[in-house]
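Asker: These protein sequences, in sequence, are chains A and B.
When the letters of the first sequence are read in order and numbered with the working numbering, they come out as residues 925 to 1083.
When the letters of the second sequence are read in order and numbered with the working numbering, they come out as residues 31 to 190.
Treat the hints as calculated values from the structure; they're not laboratory data.
C-beta atoms are modelled at their ideal positions from N, C-alpha and C, and glycine is treated no differently.
A hint or two may mislead.
Far from chain B, some chain A residues (derived; all Cβ distances over 10 Å) [unchecked claim]:
1. R955
2. P956
3. T959
4. A961
5. G966
6. R999
7. E1000
8. G1003
9. G1015
10. R1018
11. E1026
12. D1042
13. A1052
Where chain B lies over chain A, by a calculated footprint (3+ residues, C-beta under 8 Å) [as the list claims (entries may be wrong)]:
14. 968–975
15. 1056–1066
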Amino acid sequence: MVSLSRRRFLGTAGALAGVLLSACGRDAARRPPPTDAEVIGGLLERELVAGAAVAGVAGAAAIARQDVLHARRLREAAGAMSQRRRSDAGGDLRVALARKQEGVFAYVDSLPRLADPDLRVLVMQLAAGEAAHLAALRIAAGDDPVPDAFAGFSEVPAR
Amino acid sequence: MTERIEELYGTARTDAGYMQAALHVEQVSALAYEVAADGPLEGAERAQALRFAAHERQHAAALETMLFALTVPVREHAGPADLDALLPGLREADRRTSLRGLAALEGAAIAGHQLMGRHLLALDALRTVAAVMAGGAQHLVALRDALGRTPLTFAYETGR
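Okay, chain A solo, but in the shape it has when bound:
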């Protein structure tokens, strides 16, 4: 059981790495790596989408307020103001859970691309916060708060 889960997790990690590498491609390899501000700017966009999806979900007012704080802090760190339109109207728990999960993936994926140790710690705090939001939303919905040992990473389908 444990070894199976371990293989599954490591396989997922390997598959994720493969996807990331193939996504980069030769052209991408010629480009300079993104700056910390660019990485944080991308996370801000993701945070705004997740925040919009959570707004209006029953029992999620505190989480929505924390999402506003996340976005404010990311905006400060990126030194930019996002103009992106929010894609979700909000109020749908399943959509909110999906967007939050994508947020966790994005925060974790970004870590090796951040040069500033302070920003890495910030992003880890935000990743933990988003993972905690997922658990709290599931509790509010009467679901298992922790269905996966790795906060959803074991469940990523291999590509």
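Position chain B against the provided structure of chain A, taking the given hints into account.
Answerer: Positioned in the frame of chain A, the structure of chain B alone reads:
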């Protein structure tokens, strides 16, 4: 207890040292959930503790694999004495004290993972560390809920 884990991380000087500290805490956490499940927790809380113990073993396995990748063999595994050192009194604790101890252990683990975010040189390894940390953050929410604590979440989850 938190101080003991801080000391453990404080002795780390290399990536392998940080990984070994994190591995030890995950192994002790698995033992702690098993002891709580065999002790004061009952019903759904007992079942959840057993599932969380299995999660902690998966976390430990992932960290152990990273240590192997660093060509560092893992010769020792945490045992009952290590649990007693980090969480003294857990075996005799009542339900609430057990849940509080488990929450403190999860919080200290999260703080340790975030310390690794600052100090690890092998940055790719941070993805696995962060996935373990995120799982721990979800455990912490479930424990806060069981304890009736509010809020369940914080904007910046530091484990503290």
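Asker: Determine for every hint whether it applies to the structure shown.
Answerer: Now for the hints, and whether the structure bears them out:
no.	hint	in the structure
1	R955	holds (19 Å)
2	P956	holds (17 Å)
3	T959	holds (15 Å)
4	A961	holds (18 Å)
5	G966	holds (16 Å)
6	R999	holds (14 Å)
7	E1000	holds (13 Å)
8	G1003	holds (20 Å)
9	G1015	holds (19 Å)
10	R1018	holds (18 Å)
11	E1026	holds (13 Å)
12	D1042	violated (8 Å)
13	A1052	violated (4 Å)
14	968–975	violated (count 0)
15	1056–1066	holds (count 6)
In terms of the numbered hints stated before, the structure departs from hints 12, 13, 14, listed from lowest to highest.
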